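Novice: One-letter residues, chain by chain:
Number of protein chains: 4
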Amino acid sequence: MYTSETTVRVRYGETDQMGYAYYGCYAMYYEVARVESLRQLGLTYKSLEAQGIIMPVLENRSKYISPAYYDQLLRIVCEIREKPGIRIRFHYEIFNEDNKLIHIGETLLVFVDKQTSRPCMPPEAMKKVLEPFFK
Amino acid sequence: MYTSETTVRVRYGETDQMGYAYYGCYAMYYEVARVESLRQLGLTYKSLEAQGIIMPVLENRSKYISPAYYDQLLRIVCEIREKPGIRIRFHYEIFNEDNKLIHIGETLLVFVDKQTSRPCMPPEAMKKVLEPFFK
Amino acid sequence: MYTSETTVRVRYGETDQMGYAYYGCYAMYYEVARVESLRQLGLTYKSLEAQGIIMPVLENRSKYISPAYYDQLLRIVCEIREKPGIRIRFHYEIFNEDNKLIHIGETLLVFVDKQTSRPCMPPEAMKKVLEPFFK
Amino acid sequence: MYTSETTVRVRYGETDQMGYAYYGCYAMYYEVARVESLRQLGLTYKSLEAQGIIMPVLENRSKYISPAYYDQLLRIVCEIREKPGIRIRFHYEIFNEDNKLIHIGETLLVFVDKQTSRPCMPPEAMKKVLEPFFK
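Chains as they are written, first to last, in our numbering: chain A, 506 to 640; chain B, 506 to 640; chain C, 506 to 640; chain D, 506 to 640.
No wet-lab data here; the hints were simulated from the structure. Predicted model only: the values in this text are computed from it and were never measured. Mixed in with the good hints, there may be bad ones.
One copy or any two copies: either way a pair holds, since identical chains are not told apart in the list.
With a straight-line Cα cutoff of 27 Å, these simulated DSS-like cross-link-like pairs (lysine-lysine) come out [said to hold, decoys possible]:
(1) Lys619 / Lys640
(2) Lys619 / Lys568
(3) Lys632 / Lys619
(4) Lys551 / Lys605
(5) Lys633 / Lys551
(6) Lys633 / Lys605
(7) Lys568 / Lys640
(8) Lys551 / Lys588
(9) Lys605 / Lys619
(10) Lys619 / Lys633
(11) Lys568 / Lys588
The shape of chain A in the complex, shown without the other chains (with noise of 0.2 Å):
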């Protein structure tokens, strides 16, 4: 399994007049937090899609267990459990400053190859740095 941790601040424009942070932004703090999960290994998304590797998402899932507010800096942990094959499942729980667990999510995200449009398996690269936290 591998592990990691992101912060994010609520910005005011994704408050909605709830005084809520909008339900429909978690999707973008969950690709911050996937984004530099694979930072922190040394891997950025960019370079795989210089590659010709692209990562669209096929499903994905939010528990709203209670609301985040403007400007709290929110701790997000994002785990890989498995293996990623062709497919690749990322795991998110966000914690508000108060260290309380606020939400839940996953997103499973499968890679392609751009050019024939087909899915592919994650390049070597990703694979040899990821391989260590599953053994």
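For chain A, the structure is supplied; the task is to place chains B, C and D on it using the hints.
Specialist: Frame of chain A; chains B, C and D shown alone:
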């Protein structure tokens, strides 16, 4: 069961560099679909809030079958399949201009009394209007 | 001068905790207005991109006179006041449901040839359609 | 004059199919810059609102010199050039990772007393902290 239909056109700002409607935009499409769904019954979410009831989201699930592209006029079929109590669940099926099913989603919301911050039943007006669909 | 009208309804996710449509959402409203403005002439921005021309924004200006609120159906009057050359300027006036002018904006865009990355003239089809408005 | 610096990383969901950070995202970047600018002085916009003062935007101007791309860490230099009265103007210069100036913007905001809905002077704490910069 109550079924309704809405259309949403993919905005340029909603696309990402993959050329797809960003996966995080669907939550907003769902919002449009359920608001218009209620409006077609003569109910507005706006007036609900004016009556002191808010409807935060508890759960959200999305399946991305095929991408949506810029400027496509998406048709969203929105269903309430079970009679709402304190909670209400909306199901969405999104079709592209070729009438292909490209996306499935569902959202669970809860009625909350703004003053007490406690879950509550839907207002009488909503109950009355929805009743004929759940006999 | 070419004038057109479009409507945009303020989405919940576009409001902020002040209860206003977030100031950053107007750029997206402008985008909808100018795209629909061209569509009313039989032109689509989509087909423009398919022809290898993109239209990045060079300048944007906004005056926020009064707030827009959730669920309001805003009417956007969009004008092209001068004959477009390599650049095209759109003016926007936004009216709320009481027909009150609440917002003024303008955006300057440039036609760019995707292959050469250089500014270019609008395609013939667009020139032809716009010509009658600038005599 | 008061000058501060913040960084913002371009999110995937902020890009558009042109491959640029969408022109509508800069307003949110400005928001981050001015909020962090105040935080560096020990002031939070959050506490301002808690004191009953909101700061709606009156005017916004943007010049897009060069595009920002996905995953770039943008550096935003944010300046308050004149002593704020009822209104406060922020200037922004955005630099990419090559330290190239890619964007210029400015935003005019007004202090508003939430209860009376009338413009008001900034709170004493803010005045005091900003004073040394405008002698």
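Novice: Which of the numbered hints above does this structure break?
Specialist: The structure conflicts with hints 1, 6, 7, although it agrees with all the remaining ones.
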